[in-house]
Structure formats: C-alpha cells, structure tokens
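Just need the whole structure built from these sequences, with the hints factored in.
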Amino acid sequence: MRMSEKKTLMDLIGDIDRRVVFGFLFLALVGPLIISIPLPLPVTGFVKQYHEFLESIPAGAVVGFDVELTGATDPQLGPDLTLVFIQLFRRDVKSVIWCMTAESPVFATNAINNALKTLGEKGATKKYGVDWVELGYIAGTETGLTALMTGIRQVISKDMYGKALDDLPAMKNVNTGKDFYAVIWHSGSAGSVPYGIRQINGRFGTPMLVAVTSNEFPLYVTYLAAGQIRGLIGGARGAAEHETLMKTAGLATAQTSALALGGVVILAMLLLGNISYLDKRRRQRK
Amino acid sequence: MSENVYKNQLPFAVLFIVGVFVILTYFFQVPPEISAMAGDLTTFGAVIASFGILLGTLALVRYHVVLMYRKKKNWQFSILTMIVLAATLLTGLIGSSRGKDFLWIYNYLNIPINATLYSTTAFFITSAAYRTFKLRTFDSAIMMTVAVLMILSWMTLGNLAFPATIEIGDWILKIPNSAGFRGMTIGVALGLLGIGTRAILGRYREVLTA
Amino acid sequence: MQSVKYASPSKYQFGRLGLIVSGRIVGLLSLVLIIAMMLWYMEKGKRGKLPRLRKLAVIDAFPEVVGRATEMGRPVYYLLGEGRMDRPMDMPATVASFAPLQYVAELCAKYDAKLHVPTELAVAYDISYELVRSAYLKAGKIDKFDPTYTVLYVGGYGQTYYVLNSMWRERVAGTFIIGSLYHQAILFAEVGARAGALQIGGTDTTHNIPFLVSACDYGIIGEEIYALSAYLSKDPIPTGQLAGQDIGKILAVILILGGTLLLLAGFDIRRLLTM
Chain A
0 MRMSEKKTLM DLIGDIDRRV VFGFLFLALV GPLIISIPLP LPVTGFVKQY
50 HEFLESIPAG AVVGFDVELT GATDPQLGPD LTLVFIQLFR RDVKSVIWCM
100 TAESPVFATN AINNALKTLG EKGATKKYGV DWVELGYIAG TETGLTALMT
150 GIRQVISKDM YGKALDDLPA MKNVNTGKDF YAVIWHSGSA GSVPYGIRQI
200 NGRFGTPMLV AVTSNEFPLY VTYLAAGQIR GLIGGARGAA EHETLMKTAG
250 LATAQTSALA LGGVVILAML LLGNISYLDK RRRQRK
Chain B
0 MSENVYKNQL PFAVLFIVGV FVILTYFFQV PPEISAMAGD LTTFGAVIAS
50 FGILLGTLAL VRYHVVLMYR KKKNWQFSIL TMIVLAATLL TGLIGSSRGK
100 DFLWIYNYLN IPINATLYST TAFFITSAAY RTFKLRTFDS AIMMTVAVLM
150 ILSWMTLGNL AFPATIEIGD WILKIPNSAG FRGMTIGVAL GLLGIGTRAI
200 LGRYREVLTA
Chain C
0 MQSVKYASPS KYQFGRLGLI VSGRIVGLLS LVLIIAMMLW YMEKGKRGKL
50 PRLRKLAVID AFPEVVGRAT EMGRPVYYLL GEGRMDRPMD MPATVASFAP
100 LQYVAELCAK YDAKLHVPTE LAVAYDISYE LVRSAYLKAG KIDKFDPTYT
150 VLYVGGYGQT YYVLNSMWRE RVAGTFIIGS LYHQAILFAE VGARAGALQI
200 GGTDTTHNIP FLVSACDYGI IGEEIYALSA YLSKDPIPTG QLAGQDIGKI
250 LAVILILGGT LLLLAGFDIR RLLTM
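Here the protein sequences come in this chain order: A, B and C. Everything in the first sequence is counted per numbering that gives the first Met the number 0, starting at 0 for the first residue and increasing by one. Everything in the second sequence is counted per numbering that gives the first Met the number 0, starting at 0 for the first residue and increasing by one. Everything in the third sequence is counted per numbering that gives the first Met the number 0, starting at 0 for the first residue and increasing by one.
There's no promise every hint is true.
[Claimed, not checked] With beta-carbon atoms standing in for the labels, derived distance ranges:
hint, chain 1, residue 1, chain 2, residue 2, range
1, A, 129, B, 76, 44 to 52 Å
2, A, 278, B, 76, 45 to 53 Å
3, B, 73, A, 119, 26 to 34 Å
4, A, 246, C, 256, 23 to 31 Å
5, A, 32, B, 166, 24 to 32 Å
6, B, 119, A, 246, 28 to 36 Å
7, A, 36, B, 119, 19 to 27 Å
8, B, 166, A, 246, 22 to 30 Å
9, A, 11, C, 71, 21 to 29 Å
10, B, 98, A, 32, 29 to 37 Å
11, A, 19, B, 145, 22 to 30 Å
12, B, 53, C, 22, 49 to 57 Å
[Unchecked claim] Partial pick of chain A residues on the chain B-facing surface, computed with a CB cut under 8 Å:
hint, residue
13, 24
14, 29
15, 73
16, 146
17, 217
18, 226
19, 253
20, 257
21, 261
22, 265
23, 269
Don't read these hints as lab results, they were simulated from the structure. Quick caveat, the model's predicted, so the values are computed rather than measured. A virtual CB, placed ideally from N, CA and C, is assigned to each residue, including glycine.
And the structure:
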C-alpha cells in the first residue's frame with residue numbers, strides 16, 4: 000500500500016489558497032483607509048517636471064485638455080484632475096476641455112466643480128466661457144481628434160451646453176491644435192496617448208502633459224524621454240506626489256498608505272512563494 | 000448590382016480611395032480646398048463612429064430580447080439588463096444627460112460598480128505574482144529582482160526603508176524599460192502599417208467581412 | 000461644408016520644399032520604401048518564392064492545447080478581449096486575432112473539442128460567428144456548432160466577469176487570449192491558470208504584454224500577433240507583409256545605430272530626419 004505524501008509546511012506556504020491571498024490584500028488595502036497611517040511621501044523627478052511645466056504656463060494662455068476618465072480609473076486619476084484644474088484656475092490659465100470617451104464629460108465637470116469649490120473666493124470669480132469651455136464628447140477617437148485639431152469649428156459649432164463657440168471669449172483665436180499653449184492629456188487607461196501625441200505634438204509641435212494609470216506609466220516614459228511629452232504622472236502615487244507639491248493632502252495621498260501596505264503583501268507573497276519553491280527544488284535534488 | 004460588388008468591391012473601393020486620399024493630403028502640399036476635404040472626411044469618420052453607439056445598443060437589445068423570448072439559461076438577468084437600460088435611457092431622454100436623476104444613476108451606480116470591478120485587477124495581479132514569479136531560471140531571477148525593485152520604488156514604505164530605490168526605479172524606467180518598450184512599439188507600429196497597407200489594397204478581407 | 004473662419008490648417012502644414020510638406024519627407028520616403036518592399040515580397044510569394052519564416056514555438060502549441068481539451072473533455076476558450084473594431088489602436092489586433100480563431104475553430108472541429116468564444120461587441124461577434132461556423136461546416140461537424148454557446152455575445156463590461164466565472168466553473172482546459180486586451184489580460188490569464196488551463200496569450204497593447212507572457216504558458220509578444228496569420232496560413236500576402244515589415248525594422252536599426260555613432264562623432268542628424 001502506498002503511503003500518501005504528507006505536505007510539509009513549505010509545501011503549504013507555496014500553495015496558499017488564492018482566497019487567503021485576496022483576504023490579506025483586502026485587509027492591507029482597506030485598513031489604512033479606515034485607520035489613517037500618514038507616511039512621508041518622496042516626490043520623484045517625473046512629477047516635479049509635470050508640476051513645473053504647469054507652473055510655467057503664463058496667465059491668460061489657453062490650454063487644451065483631454066479628459067478620458069471612466070468609473071474604473073477615476074480613483075487613480077480623479078484627484079489629479081481636480082488638482083490640475085485648481086492649478087490652472089489659480090494661475091488664471093484658460094482651458095478648453097474635450098473628451099474622447101462618452102462617459103468622461105461627467106468627470107470633467109465634477110472635477111471643475113470640485114476645483115472651484117476648493118478655491119473658495121478665487122473660484123467664485125471664475126466664469127464659464129471666459130475661464131473654461133467644455134466641448135463635451137468627441138466621437139471617433141483618432142479620427143475625431145484629427146478632425147478636431149484641424150478645425151474645432153468644423154467638427155462642432157456649439158459647446159456641451161449648447162452655447163455657440165463664437166460667443167465664448169475663451170474660444171476667441173482658438174480653432175486648431177496649434178492655437179493651444181499646451182495640451183494636457185488625462186488618459187484613464189484608454190490607450191489614447193500615442194494618437195494624442197501623433198495628432199497634437201507630432202503635427203503642431205504643441206507641448207503635452209500626460210497623466211495615465213500606473214499600469215500604463217512605464218510605457219509612456221519612452222515618450223517623455225524622447226521629449227514628445229513634457230511631463231508624466233502615473234496613477235494614484237503620481238497624483239499623491241502632485242498633491243504634496245501643491246501642499247494639499249487629498250484623496251490620492253489617502254491612498255498611498257493603502258498602496259504601501261498592499262506592496263508589502265505582494266512582496267511577502269513573492270518571498271513565501273520563492274522560499275517554498277527553492278525548498279522543493281532542494282528536496283528534489285536530494 | 001451583384002452581391003459581390005456591394006459586399007466586397009464597393010467597400011474596398013471606398014476604403015482605398017479614402018485611405019489613399021487622406022495619406023496623400025498628409026504628405027503633399029495641396030490646395031486648401033483639398034485639405035479641407037480631407038478634414039471633412041475625417042469629420043465624417045467621427046460622425047459615423049457616433050452611430051456605432053446606437054448600433055451597439057440595438058444589437059444588445061436584440062440579443063437579450065431573443066434570450067428572453069427563448070427562455071435561454073439565465074434569461075431572468077436579461078430582464079434586469081433591459082430594465083436598467085430602459086431606465087437610464089428614459090431618464091436621460093426625459094430629463095437630460097446633465098440632469099440630477101441621470102447623474103445620480105451615473106455617479107452612484109455606474110461609477111462605484113466600474114471602480115469595484117476594475118479594482119479586482121489588483122487581487123489577480125497579486126495572485127499571479129505569487130504563482131509565477133519564481134526563481135526558476137536566470138531570466139526569471141532578473142524579472143523578479145526588477146519587479147521587487149520597482150515595487151519598492153513605488154511604495155512609500157520601500158522609499159523610507161531603502162531611499163536608493165527611488166533613483167534605481169527612475170533609472171529602470173528611463174533606460175532598460177524605455178529600450179524594451181521602444182523596440183516593441185516600433186515592431187507594433189510596423190505591424191499596424193502592414194495591416195493598414197493590406198486593408199487599403201483590399202488584401203485583408205477580415206477587415207470588412209468574414 | 001462650413002468654411003473655416005479661423006486659422007487655416009494649411010498655414011501649419013505647408014513648407015518650402017517643393018510638393019512635399021516640410022517635416023514629412025523622411026516619413027514619406029520610409030513609408031514608400033516599406034510598402035514597396037511589402038508589395039514586392041507579396042508578388043514574389045505569389046510566384047512561389049515565399050520568404051523563409053523563423054519558426055514560432057507557439058504555433059506547435061495550438062494543437063497541443065486543443066488536444067488536451069479533447070482528452071480532458073473540458074472546453075477551450077478563445078478570448079478576443081474587448082474585440083473593438085472602432086478604435087484605430089484596437090482594430091488591428093482584433094482583426095489579426097481572427098486568423099488564429101479560424102485555425103483554432105478548425106482544430107476544435109477536427110478533434111471534437113468544445114469551443115467557446117465570448118465576445119463583447121457586436122461587429123466582432125458577427126465576424127467570429129461566421130468564421131467559426133464556416134470552420135465547423137468545412138470540417139463536416141456543423142452539428143457540433145452550438146449557436147447559443149460556441150460564439151456568444153455577452154455585451155458590455157460584463158463580458159470580463161462572465162468569462163472569469165465560467166472559466167472557473169467549467170474548469171477550462173485551454174485558453175487562447177489573443178487580441179486587444181487591457182486589464183482583462185491578467186484577469187483571464189490568472190483565472191485560466193488557476194482553473195488548470197494550458198494557455199496561449201498575446202496582445203499588442205504593449206503595457207499588458209508582460210502580464211500575458213508571465214502568466215501564460217506560451218506568449219505571443221507584440222507584433223507576433225500580426226505574424227500569426229502568416230505562420231498559420233503560409234499565404235503569400237501575410238508572409239510578404241511580414242518580410243516587408245522586417246525591412247522596416249532593418250531601417251530602424253540602421254537609423255538608431257548610425258544616428259548614435261554620428262551623434263557621438265559630433266554630427267546631429269535629427270535635423271536631417273525631420274526634413
């Protein structure tokens with residue numbers, strides 16, 4: 000009769016049920032959101048570059064702003080979206096906002112309202128049409144963007160609220176991609192950054208700032224290194240660093256402790272998995 | 000007109016003419032009227048794309064109505080789908096897509112559900128890392144080492160415990176990561192060029208038909 | 000058409016270098032060269048002189064996956080991801096995934112493996128349905144094609160979570176995760192692996208390639224997804240396309256190496272390249 004192999008502790012460590020793994024990660028992510036654990040946050044060169052470019056935009060300039068957030072990516076990039084609007088409004092920079100995905104206009108409007116509320120008195124002085132314009136959803140992804148950047152008024156004659164573009168002071172002398180001082184691109188994992196770079200920076204040489212989710216961040220570092228974009232922010236960590244530079248502590252900063260503990264869980268899982276694997280290999284060699 | 004003409008030849012003729020026209024206007028100096036025509040064609044594309052949303056909705060409705068009618072497995076969920084679709088559509092049409100009710104549905108149903116579902120990615124990534132990141136070979140050892148360094152550079156506790164990880168993480172992103180992604184991006188771009196060439200020249204049937 | 004009252008686009012595009020727009024000469028020459036080489040190789044292939052293709056190990060894995068599913072009596076899943084054909088960055092990968100789908104359908108029909116192709120969007124569903132059905136018809140096994148299961152239209156974001164649940168419930172034996180995938184890549188690959196499936200995965204969304212390569216048994220990296228149709232069919236058209244693309248890669252390598260050496264020697268050729 001064959002004796003069944005008894006599982007050692009090392010075998011058990013290497014074969015943890017995924018529900019247990021999920022449980023640990025859940026606790027690590029939720030815990031810091033309930034019990035605040037403030038941690039110092041070093042700021043990386045990427046975010047400094049992004050922030051400094053925003054600070055260098057002169058007052059009165061008009062920037063283009065593409066917002067492509069969704070419900071899924073709003074937790075990562077929503078805080079930075081609000082922060083950028085705060086920065087633009089504070090510096091009296093005008094913005095023309097459009098969205099290449101159908102659900103994004105809501106996020107753009109929410110972020111603008113949050114920014115105006117945060118600015119208090121300064122926010123109350125800002126007027127729609129003068130300080131910002133929302134063009135709404137532009138269908139057609141790259142094709143739509145090409146048409147828009149070639150001639151905004153060829154694509155749409157009215158903004159999202161039905162107001163004629165010609166009646167909006169912020170739209171005076173703005174009709175193509177060349178007319179913007181810079182274009183800020185908040186892409187919530189839509190994979191749209193390459194076509195944004197092709198149709199804006201590639202065609203007109205207009206500088207671009209980009210914010211993406213953390214999983215896409217490594218991909219777009221190549222464009223930053225090549226000078227095609229002037230600043231890059233990745234996910235909640237990047238947004239938190241931006242909040243640190245702006246001397247605020249918002250939703251992104253609140254997430255960093257959760258991210259830190261989540262990272263600890265992942266590293267612990269990697270360690271346990273490898274300890275078990277190496278022990279198994281050692282026993283097999285014997 | 001025979002079926003072959005309107006199913007195959009006509010669509011490919013349109014594809015060829017529009018594709019070549021837009022490419023030529025991009026590279027060659029053309030009178031402003033021609034350039035504006037190219038701009039109009041791209042605008043047509045944007046308008047046609049917006050009809051895609053309508054088509055998708057109609058296809059979804061057709062599919063679920065068939066499921067309900069034939070009482071296929073889990074047909075009850077199709078009823079729920081149709082109720083939610085109708086409620087959202089009517090709220091937007093009767094009120095407005097900027098109205099309080101529509102925004103309530105969006106802000107308090109759509110966004111939390113989407114965010115929750117997307118966040119499951121973190122759990123699966125952890126489970127995948129635990130399962131696959133093993134020191135089996137030299138290559139996997141390099142992958143794991145880099146993964147550990149990147150995780151440490153991205154988490155604040157890692158930065159506090161090992162401050163050098165910030166610089167190391169930046170270097171990894173700017174140099175080896177950029178090199179690898181540039182190679183892949185060039186390869187993918189050439190692949191896109193190949194597919195586009197075949198599509199415009201009518202040598203890629205799957206683009207328009209099975 | 001509404002006339003453009005403000006800055007004319009032509010103001011920003013015209014240069015002084017003859018007919019060709021300034022800044023796009025090198026781009027045009029490269030485009031012409033690469034397309035010419037593709038057409039040349041395609042024509043050469045039609046005359047029987049196909050370029051020799053380096054063997055991709057993943058090609059041999061296709062029958063292995065299907066065979067395993069047949070032996071175990073469990074289904075094979077073919078996952079196109081979102082299956083989008085309306086966005087330029089997604090369409091090529093979706094279109095490129097139809098050729099392997101047809102091959103997998105033919106294998107499943109031949110070996111009597113249960114195939115399941117859940118799709119999220121209507122156009123991809125229609126094309127997949129026709130491709131898979133014709134594969135079963137060609138194999139004389141149309142009775143094995145279940146119109147309510149083999150190719151399924153799930154629709155919307157729910158597709159991902161339907162697939163995760165059904166992969167686990169049905170204990171899928173093999174998965175092909177080939178197409179334009181975003182965060183679904185790691186979800187499908189991980190659940191498939193946990194369910195015990197043998198997996199082949201590939202996408203052209205570069206930031207998701209590492210997930211598939213690490214979590215799947217066989218990986219298809221980047222542009223190999225476009226090359227699959229050439230490998231599978233040995234057709235002169237896709238093979239010629241591949242060979243022409245390689246000329247583009249050689250050109251890129253020459254420019255990178257040459258440009259680096261010239262830069263080190265003090266000659267900056269960037270102005271030349273943006274001529």
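Tested hints:
1. A/129 / B/76: 44 to 52 Å: At roughly 49 Å between Cβ atoms, residue 76 of chain B and residue 129 of chain A fall inside 44 to 52 Å, so the hint holds.
2. A/278 / B/76: 45 to 53 Å: At 47 Å between Cβs, range holds.
3. B/73 / A/119: 26 to 34 Å: 52 Å, violated
4. A/246 / C/256: 23 to 31 Å: At roughly 47 Å between Cβ atoms, residue 256 of chain C and residue 246 of chain A fall outside 23 to 31 Å, so the hint is violated.
5. A/32 / B/166: 24 to 32 Å: 30 Å, holds
6. B/119 / A/246: 28 to 36 Å: At 34 Å between Cβs, range holds.
7. A/36 / B/119: 19 to 27 Å: The hinted range 19 to 27 Å holds for residue 36 of chain A and residue 119 of chain B, with Cβ atoms some 24 Å apart.
8. B/166 / A/246: 22 to 30 Å: 24 Å, holds
9. A/11 / C/71: 21 to 29 Å: Holds - the Cβ-Cβ distance for residue 11 of chain A and residue 71 of chain C, about 27 Å, lies within 21 to 29 Å.
10. B/98 / A/32: 29 to 37 Å: Distance hint for residue 98 of chain B, residue 32 of chain A holds at roughly 32 Å.
11. A/19 / B/145: 22 to 30 Å: Given about 27 Å between the Cβ atoms, the range holds.
12. B/53 / C/22: 49 to 57 Å: 39 Å, violated
13. 24: 5 Å, holds
14. 29: 11 Å, violated
15. 73: 6 Å, holds
16. 146: It holds, given that the least Cβ distance between residue 146 of chain A and chain B is near 4 Å, below 8 Å.
17. 217: It holds, given that the least Cβ distance between residue 217 of chain A and chain B is near 5 Å, below 8 Å.
18. 226: 12 Å, violated
19. 253: Check failed: Cβ of residue 253 of chain A comes no nearer than 12 Å to chain B, outside 8 Å.
20. 257: Status violated, d = 10 Å.
21. 261: Holds, because the Cβ-Cβ distance from residue 261 of chain A to chain B comes to roughly 7 Å (cut-off 8 Å).
22. 265: This hint holds: residue 265 of chain A lies near chain B, its Cβ roughly 5 Å from the closest one there, short of 8 Å.
23. 269: With a closest approach of 5 Å, the residue 269 of chain A hint holds.
Of the hints listed earlier, those the structure fails to meet are numbers 3, 4, 12, 14, 18, 19, 20, in rising order.
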